[in-house]
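Line order of the protein sequences matches chains A and B. Per my numbering, the very first residue in the first sequence carries number 1; after that it's consecutive. Per my numbering, the very first residue in the second sequence carries number 1; after that it's consecutive.
These are calculated hints, taken from the structure and not from any lab test. Be a bit skeptical, because a hint or two may be false.
[What the hints assert, rightly or not] Below, a list of computed lysine-lysine pairs in the BS3-like style, where the Cα atoms sit at most 27 angstroms apart:
| # | chain 1 | residue 1 | chain 2 | residue 2 |
| --- | --- | --- | --- | --- |
| 1 | B | LYS296 | A | LYS54 |
| 2 | A | LYS54 | B | LYS289 |
| 3 | B | LYS301 | A | LYS301 |
| 4 | B | LYS341 | A | LYS94 |
| 5 | A | LYS294 | B | LYS301 |
| 6 | B | LYS294 | A | LYS301 |
| 7 | A | LYS301 | B | LYS54 |
| 8 | B | LYS26 | B | LYS2 |
| 9 | A | LYS253 | A | LYS207 |
Every value quoted in this text rests on a predicted model; they were computed, and no experiment measured them.
Protein chains: 2
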Amino acid sequence: MKTSPFAPKKSPQMPEIKGVQLAVTKSGIKYEGRLDLLCAHFSKGTVAAGTLTKSKTASGAVEWCRENLKRGHAAALIVNSGNANAFTGARGEKSVEDIGGYLAKILGCQTSEVYQSSTGVIGEPLPEEKMFQGIDRLKEKLGTASYSEAASAIMTTDTYPKMATRSCMIDGETITLNGIAKGSGMIAPDMATMLAYLFTDLPIEQKILQKLVSKAIDKTFNCITVDGDTSTSDTVLVFATGKANISPITDEKDSRLRAFNRILNKQLKELALAIVKDGEGISKFVTIKVRGAKGKRAAKKIGLSIANSPLVKTAIAGEDPNWGRIIMAVGKSGEAADRDKLNIWIGGHQVTAEGARIEGYDEAPLAEYMKGETILIEVDIGLGRGIAEIWTCDLTHDYISINADYRS
Amino acid sequence: MKTSPFAPKKSPQMPEIKGVQLAVTKSGIKYEGRLDLLCAHFSKGTVAAGTLTKSKTASGAVEWCRENLKRGHAAALIVNSGNANAFTGARGEKSVEDIGGYLAKILGCQTSEVYQSSTGVIGEPLPEEKMFQGIDRLKEKLGTASYSEAASAIMTTDTYPKMATRSCMIDGETITLNGIAKGSGMIAPDMATMLAYLFTDLPIEQKILQKLVSKAIDKTFNCITVDGDTSTSDTVLVFATGKANISPITDEKDSRLRAFNRILNKQLKELALAIVKDGEGISKFVTIKVRGAKGKRAAKKIGLSIANSPLVKTAIAGEDPNWGRIIMAVGKSGEAADRDKLNIWIGGHQVTAEGARIEGYDEAPLAEYMKGETILIEVDIGLGRGIAEIWTCDLTHDYISINADYRS
Chain A
1 MKTSPFAPKK
11 SPQMPEIKGV
21 QLAVTKSGIK
31 YEGRLDLLCA
41 HFSKGTVAAG
51 TLTKSKTASG
61 AVEWCRENLK
71 RGHAAALIVN
81 SGNANAFTGA
91 RGEKSVEDIG
101 GYLAKILGCQ
111 TSEVYQSSTG
121 VIGEPLPEEK
131 MFQGIDRLKE
141 KLGTASYSEA
151 ASAIMTTDTY
161 PKMATRSCMI
171 DGETITLNGI
181 AKGSGMIAPD
191 MATMLAYLFT
201 DLPIEQKILQ
211 KLVSKAIDKT
221 FNCITVDGDT
231 STSDTVLVFA
241 TGKANISPIT
251 DEKDSRLRAF
261 NRILNKQLKE
271 LALAIVKDGE
281 GISKFVTIKV
291 RGAKGKRAAK
301 KIGLSIANSP
311 LVKTAIAGED
321 PNWGRIIMAV
331 GKSGEAADRD
341 KLNIWIGGHQ
351 VTAEGARIEG
361 YDEAPLAEYM
371 KGETILIEVD
381 IGLGRGIAEI
391 WTCDLTHDYI
401 SINADYRS
Chain B
1 MKTSPFAPKK
11 SPQMPEIKGV
21 QLAVTKSGIK
31 YEGRLDLLCA
41 HFSKGTVAAG
51 TLTKSKTASG
61 AVEWCRENLK
71 RGHAAALIVN
81 SGNANAFTGA
91 RGEKSVEDIG
101 GYLAKILGCQ
111 TSEVYQSSTG
121 VIGEPLPEEK
131 MFQGIDRLKE
141 KLGTASYSEA
151 ASAIMTTDTY
161 PKMATRSCMI
171 DGETITLNGI
181 AKGSGMIAPD
191 MATMLAYLFT
201 DLPIEQKILQ
211 KLVSKAIDKT
221 FNCITVDGDT
231 STSDTVLVFA
241 TGKANISPIT
251 DEKDSRLRAF
261 NRILNKQLKE
271 LALAIVKDGE
281 GISKFVTIKV
291 RGAKGKRAAK
301 KIGLSIANSP
311 LVKTAIAGED
321 PNWGRIIMAV
331 GKSGEAADRD
341 KLNIWIGGHQ
351 VTAEGARIEG
361 YDEAPLAEYM
371 KGETILIEVD
381 IGLGRGIAEI
391 WTCDLTHDYI
401 SINADYRS
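Kindly produce the complete structure, drawing on both the sequences and the hints.
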């Protein structure tokens, strides 16, 4: 598989985070000779916040995390790639319990402090023995892996590892936020998962962290789409070890939160965009800005309707400034729109005004613009103050090849 | 463009319908030397019923029909292909009024009795003069065109004309129902329209006809999808001239309605399937049967979620019995589902039971089945009595080629 044209030229230098110990290994669950198992061990007092797929056929690991997030205490994270352990019935559920129990026993923590994810093929039983053997090896290696190795171990059809780091100053101390992610579609071919894990040393109450994360996800991960298909295993988890030497944040009105919230949002956005930029078969990265909708929710729905339209996506792949299809996608969203107030810009060029294409419409500069690798589509609905920003990629022959032609 | 593998080997013999006079011509609106303008003239007392796109950016012709359907009196239908006259602003609206007025004047009827459709490129002004000249020629030719020519005149990227005929006996008289349709996707490339027109000699009150049509559409045209994109111009109209020699149907409980309703439903289904079978880039025709959902609406939503999933559609194109993607699509629909009650069959082969793949799962017969041209997917949600049947096609390289590579 060829590497995405948007793969970063170099990887960021990821600093250590106090209270986080990483280990990776090759368990051979599906891939031969490839890192496929990640364990993170956290210091006492670490809290976890996160969001999980809304799919009605969510995997056992997702339901396990949902349960443990209620208290949000964290001691360990275990992630395997190559097998999603989704739709594997009672046996799959037992695997999740067995693995959680085994890891808890080895690390001397509660099962309620263990977080799990599995990513890969749906419907195949997870080979538990290989997981146990892998965990035995990981135990000896805690603290030896880099974030870059961790990001590699969770990849499936990703064409590059995705990671990001940011820091902010609070009370004269440096607070660090590291993140890794995987995903090559909202769901990858044959695989099923978008995963992201963030780690920070900020001391913060779990409930406050959960609130920040939920809000930030809505404007970042919930605004990306590759193919509109939602995975059974989508998971974003943020772990805060509290090891930074400042007094803990226990009030959501604490003014020190602002600096952290800013880097949290930026980082989630960066990781979300990294997933789109590795979207299956991507040749163009597309930003869709909607404004003037009746409300935020309406703006997002309109933006996603454009971003998920196969006709809009194929037009972009064909470098065709086919704005008629954008009109169609706005119309099919079901949200309020008034033809005579709707305006569209492509790459800053206005194409419509007052319900028709602009006077002296000239397609030449648009056609030229469409040859670029990054495409900006702006839509003003003209009815209200709702805004949204959505990120997606085009729909290419390579998407079909990856998903239709290449199954073993 | 290559003809769909599902194109019929021979066209049906379409009988005359008393009170319907057809005419077609080459107006040169966009296509050179091709039939592109259809006029149907109806005898006095003809009523019309129909359904129109729910798009919020519907075309002027659609809004014109919506207005005239309120009374449902019909004297004429005019349809052009090559230009959708959609999103053409005040000028486009004026075109609709001008054309409606011109045709009404020539035929000596009310503008409220004229029905119009336009199909083709979105956003380009309609060349009115060519329409007027075409109408002048059509006037001289009323009653000279066949249904086959009518079906050809409304084609855009269709690879074959779509028509159907059925009859039933009521009070010893033969009642005939003819239908023509066009469409190569819910929206065709660069074009925007699924159109269908039915003609019958049944004498029936407009309100009763409208009720029958609305109900039938919900189980036929509203259950097909090629790419999930909804056109700005989707239109289904049924014209009843009342020329058959039986006493008129004025009561919706009239037992004679049953025979007509049966052929109406069958015909709408046949025409709807003809559109899917000419879906852009189709290589496989797919039927999705959902049962056991919480209700009818839930069943339909689950069926459409499967039918519109790019990952399910590409798997089918790749002849891959990838039922994990069906699970994913059920899960993302948002409708109630319980993993342990969900069951899936592909081509009659059960693949899952009790939340996991069946004991002794064997992919060989499934893989063999997927090589066929028609694919049946059955899903039992196991929660209620809601059922739905959805028809779609696969997502192939040809779809991408048609929509990305081939714009002038």
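Status of the hints after comparison with the structure:
no.: 1; hint: B:LYS296 to A:LYS54; result: 22 angstroms, holds
no.: 2; hint: A:LYS54 to B:LYS289; result: 24 angstroms, holds
no.: 3; hint: B:LYS301 to A:LYS301; result: 17 angstroms, holds
no.: 4; hint: B:LYS341 to A:LYS94; result: 18 angstroms, holds
no.: 5; hint: A:LYS294 to B:LYS301; result: 25 angstroms, holds
no.: 6; hint: B:LYS294 to A:LYS301; result: 25 angstroms, holds
no.: 7; hint: A:LYS301 to B:LYS54; result: 16 angstroms, holds
no.: 8; hint: B:LYS26 to B:LYS2; result: 23 angstroms, holds
no.: 9; hint: A:LYS253 to A:LYS207; result: 13 angstroms, holds
In summary, this structure violates none of the numbered hints.
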